[in-house]
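Line by line, the protein sequences are chains A and B.
Here the first sequence is numbered in numbering that gives the first Met the number 0, starting from 0 and rising by one per residue.
Here the second sequence is numbered in numbering that gives the first Met the number 0, starting from 0 and rising by one per residue.
Where hints are given, some of them may not hold.
Put simply, identical chains are the same to the list, so a pair is met inside one copy or across any two.
[As the list claims (entries may be wrong)] Under the rule of at most 20 Å between Cα atoms (straight-line distance), these lysine to aspartate or glutamate pairs were calculated in the EDC-like manner: (1) K114 with E279; (2) K39 with D116; (3) K205 with D178; (4) K39 with D241; (5) K114 with D324; (6) K205 with E169; (7) K205 with D99; (8) K114 with D249; (9) K205 with E172; (10) K235 with E129; (11) K235 with E136.
Because the hints were derived from the structure by calculation, they are not lab data.
Remember, it's a predicted structure, so these values are computed and weren't measured experimentally.
Protein chains: 2
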Amino acid sequence: MAPGREQAYAVSLEDVQAAAARIAPFAHRTPVMTCSAIDKAAGFSIFFKCEQFQKGGAFKFRGACNAVQALSEEQRRCGVVTHSSGNHALSLALAAQLADIPAYIVVPSNTPQVKQDAVAGYAGLVELCEPSMDAREAGAAAVQARTGATFVSPYNNAAVMAGQGTLALELLEQAGELDAIFVPISGGGLSSGIATAAKALQPGIKIILAEPRGWNDAADVAASKAEGRLRMDLPKPATIADGLQGRMGDLTWPVIRDRTDAVIAVTETEIVAAMQLIYERMKVVVEPSGAVGLAAALSPRLAPTLGPDVRLRRVAVVLSGGNVDFGARGFWRAWLPPE
Amino acid sequence: MAPGREQAYAVSLEDVQAAAARIAPFAHRTPVMTCSAIDKAAGFSIFFKCEQFQKGGAFKFRGACNAVQALSEEQRRCGVVTHSSGNHALSLALAAQLADIPAYIVVPSNTPQVKQDAVAGYAGLVELCEPSMDAREAGAAAVQARTGATFVSPYNNAAVMAGQGTLALELLEQAGELDAIFVPISGGGLSSGIATAAKALQPGIKIILAEPRGWNDAADVAASKAEGRLRMDLPKPATIADGLQGRMGDLTWPVIRDRTDAVIAVTETEIVAAMQLIYERMKVVVEPSGAVGLAAALSPRLAPTLGPDVRLRRVAVVLSGGNVDFGARGFWRAWLPPE
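Take the sequences, apply the hints, and build the full model.
If you want it as structure tokens, here you go:
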């Protein structure tokens with residue numbers, strides 16, 4: 000980057016602040032919790048930003064709501080479309096319902112009925128497709144052609160990135176000066192929004208990315224950051240953190256590359272151990288993807304990654320969502336006698 | 000009761016207010032949460048008093064802390080003793096640890112190691128006994144004789160009842176005017192404390208007790224209230240709400256008899272359904288005993304029990320605790336592949 004010439008990132012602090020004003024009537028200001036038992040295990044103070052209490056059960060509502068509220072009158076009439084089976088689908092349907100516009104959600108046909116029902120419960124218009132990325136994209140394109148709906152990517156979209164960044168505005172007001180924020184990363188919408196807002200407000204803050212390495216050791220963010228180029232050739236991680244299997248995009252990657260400080264790739268057993276602390280000590284529900292930030296904060300690889308000059312005293316960990324299908328894990332059945 | 004002659008109850012509003020001042024430096028002021036999805040299912044607004052976020056993970060800390068803090072200097076030197084394998088044991092150990100006095104906890108030898116370890120983790124001095132009520136009482140008496148420690152009953156103790164009642168002082172400040180409070184009942188310490196404080200402050204408020212009927216249909220509180228006499232002859236309920244298998248005592252029963260308005264005995268499947276709503280919609284952890292209040296609020300037997308003249312609009316539900324042994328239910332294992 001030549002001196003004096005500013006790199007054009009997709010999102011700025013001002014975009015995040017505008018998003019915060021736009022979503023304020025709809026989104027929850029989620030609480031920050033602390034837990035002395037976990038602080039003891041970590042060796043530093045952790046402020047947990049609890050996005051499982053966000054509308055729709057995850058931070059995704061912030062970005063979806065900002066994208067919907069930023070539409071023009073004409074765009075609103077045609078509605079929005081996305082392809083997703085997860086929290087983004089739910090959140091976009093809910094954001095559209097609150098704005099009273101249609102949301103078309105292209106859902107792979109192998110998506111559990113409970114998730115399809117949840118989208119429909121927020122008045123989302125479910126359109127089934129074959130379970131492949133090509134079919135999902137073709138399905139969304141077909142809806143766009145038929146209805147004129149605006150496509151809203153789960154992460155690679157400036158309005159979504161700015162919406163997710165609103166989390167950081169709240170967090171820094173709630174927790175004050177921080178040494179670092181641990182953020183689960185997949186497509187990078189949340190991380191890029193947070194990094195943009197937090198570094199603008201507290202330039203010394205470190206943004207530490209947390210990704211699942213999966214049983215197949217497929218840590219694409221760590222590999223991309225290490226090489227300084229977006230690695231799209233690695234397999235999808237085989238992980239219980241099923242919300243973190245996406246890939247960064249052309250809008251999120253430059254921010255991730257330039258405005259984040261480290262990546263910790265955590266194992267499956269580290270994710271489960273973090274969940275256990277969150278359930279048993281904090282008494283809150285978190286999905287595996289949502290616990291990956293704490294897994295990174297507790298990882299024995301954290302200190303070597305940061306190096307001897309970095310000392311953490313006060314950090315935040317984003318608990319990004321709490322949408323767990325307990326029934327599919329046999330949890331309710333475990334409380335009742337066999338039939 | 001002759002006119003002009005006041006019945007001597009074990010606890011008064013003033014006792015509860017004194018307890019609140021005594022425990023304020025130690026106990027958490029727990030949050031009140033709401034959930035629009037559950038309000039919709041109930042047909043009225045519910046304010047959830049979240050005692051899973053109390054120290055020790057349950058409301059029990061309030062009473063234990065008040066009992067410890069109310070000791071004389073001489074009593075403190077000898078410490079406290081109880082027999083319990085549950086939340087009262089944990090809470091008394093923690094309250095004693097914070098006061099820097101010994102707590103002897105007589106624990107049945109069939110108590111899971113994880114629970115014994117939790118008591119020891121709060122510096123509780125575990126004394127094992129045979130797994131029967133006679134052996135537990137004899138064990139506690141032996142400790143008393145040996146050490147001079149003060150026995151603190153889990154519920155049938157005026158200081159404990161007053162301590163549990165502090166929950167109601169906070170709740171009415173947080174939620175304002177209420178039509179009713181739903182409270183899980185076992186020995187009646189929590190219910191009697193809440194009834195005493197809440198009815199003194201809002202005389203029209205209804206205290207609705209929630210108990211598990213168990214697979215063996217052993218609803219002793221409902222039977223006792225219906226007959227106006229303390230029924231001690233019913234079997235212990237066979238229930239997953241293992242914190243609610245105790246019996247009322249001579250101090251709690253008169254308050255329960257005179258200052259509570261209705262009893263709803265809930266089924267095991269109703270308890271699990273309430274837990275499911277709390278985990279999946281509110282995103283917080285609750286133990287089965289802690290979900291019994293919501294099960295009662297959602298029961299089809301509630302309206303017939305209250306009669307046609309009672310209309311509920313704004314109520315509170317006490318979520319009394321969140322100490323769940325997820326590992327024993329196979330929950331962590333369910334996230335990892337078979338070994």
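Self-check item: K205 and E172: within-copy, between-copy, both or neither at 20 Å Cα
Solution: within (17 Å within a copy, 40 Å between copies)
Practice problem: First find the shortest C-alpha distance between K114 and E279 inside one copy, then the shortest across copies, and answer within, between, both or neither for a cut-off of 20 Å. | Solution: Result: close only across copies, 13 Å inter versus 26 Å intra.
Self-check item: Status of D116 relative to K39 across identical chains (alpha carbons, at most 20 Å)
Solution: between (41 Å within a copy, 18 Å between copies)
Practice problem: Can you give me the call for K39 and D241, within, between, both or neither, at a CA distance of at most 20 Å? | Solution: neither (29 Å within a copy, 30 Å between copies)
Practice problem: Could you figure out if K235 and E136 sit no more than 20 Å apart (CA to CA) within one copy, between two copies, both or neither? | Solution: Result: close within a single copy only, 18 Å intra versus 59 Å inter.
Quiz item: Which holds for K205 with E169 at a C-alpha limit of 20 Å: within a copy, between copies, both or neither?
Solution: within (17 Å within a copy, 39 Å between copies)
Quiz prompt | K205 and D178: within-copy, between-copy, both or neither at 20 Å Cα | solution = Within. Shortest intra-copy distance 6 Å satisfies the 20 Å Cα cut-off; inter-copy 49 Å does not.
Quiz prompt | Within, between, both or neither: K114, D249 at alpha-carbon 20 Å | solution = neither (29 Å within a copy, 51 Å between copies)
Self-check item: Status of E129 relative to K235 across identical chains (alpha carbons, at most 20 Å)
Solution: within (18 Å within a copy, 54 Å between copies)
Quiz item: Given a CA cutoff of 20 Å, do K205 and D99 count as a within-copy pair, a between-copy pair, both, or neither?
Solution: neither (39 Å within a copy, 40 Å between copies)
Quiz prompt | Identical-chain pair category, K114 with D324, by Cα at 20 Å | solution = within (9 Å within a copy, 28 Å between copies)
Against the hints set out earlier in the document, violations occur for numbers 4, 7, 8.
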